[in-house]
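What follows is the residue order along each chain.
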Amino acid sequence: EAGVTQFPSHSVIEKGQTVTLRCDPISGHDNLYWYRRVMGKEIKFLLHFVKESKQDESGMPNNRFLAERTGGTYSTLKVQPAELEDSGVYFCASSQDTGRTQYFGPGTRLTVL
Amino acid sequence: AQSVTQLDSQVPVFEEAPVELRCNYSSSVSVYLFWYVQYPNQGLQLLLKYLSGSTLVKGINGFEAEFNKSQTSFHLRKPSVHISDTAEYFCAVSSYNFNKFYFGSGTKLNVKP
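Sequence order for the protein chains is A and W.
Just so you know, the working numbering puts 26 at position 26 of the first sequence, and the rest follows in order with no gaps.
Just so you know, the working numbering puts 71 at position 71 of the second sequence, and the rest follows in order with no gaps.
Relax, there's no trap hidden among the hints.
To give a feel for the contact side, a few chain W residues facing chain A, derived at Cβ under 10 angstroms:
hint, residue
1, 3
2, 4
3, 6
4, 32
5, 34
6, 41
7, 42
8, 43
9, 44
10, 45
11, 92
12, 100
13, 102
14, 106
In silico DMTMM-like cross-links for lysine to aspartate or glutamate, where the CA-CA straight-line distance does not exceed 20 angstroms:
hint, chain 1, residue 1, chain 2, residue 2
15, W, 58, W, 20
16, A, 51, A, 30
17, W, 108, A, 42
18, A, 44, W, 88
19, A, 41, W, 8
20, A, 44, A, 68
21, A, 78, A, 57
22, A, 41, W, 88
23, A, 41, A, 85
24, W, 49, W, 85
25, W, 49, W, 64
26, A, 54, A, 24
27, A, 44, W, 8
28, W, 49, A, 42
29, W, 49, W, 88
A short list of chain A residues far from chain W (calculated; beta carbon distances all over 12 angstroms):
hint, residue
30, 8
31, 11
32, 12
33, 16
34, 64
Rather than coming from a laboratory, the hints here were simulated on the basis of the structure.
Glycine residues also receive a C-beta, built at the ideal position from the N, C-alpha and C atoms.
The whole structure should be built from the sequences, with the hints applied where relevant.
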């Protein structure tokens, strides 16, 4: 069974540009989460989808971040326009409806210059 | 609100020595506790979890952790480490509905020959 996959693995962009990160959860997992780790600090929750609905987006930093999960399968996280402080590693995780373990992807390292 | 503190950002240890990675949490409600490991250039992998029952939890690769409610701790231990255990370890607390994880800032374990 394939794990959680994320694309791209690395992205380097300039301030003001737009970047879109993609996450493909484990097949059959209705729950999808986005987290971010900035500058070696703690990994912080961004938001949670149940199927295509946003269950909790309390961790989204501001309105420059937009997450979508059309059709309840893969998800995208768009940053527009990117700022220097958006640099970090963005992790995606998924879990089964009744599961208690979140399975994490390898992350996307975003660098904003 | 919940929070997790990993007091040691880096732990150097010699191969075959025992190791303890410390994790303390703060929460006013019942919690579920997890340890994840991130090997170089890989995603987060679940080591072990405490949901209920025995306070001593055994995980993969010979790791174990003990839940101590009175001290609000969930320290990770291994009696004899290997070079391959070199990685970053994250302690996490889950909300009651498992829909949000709170992570510590991570502990880098460096096993030396």
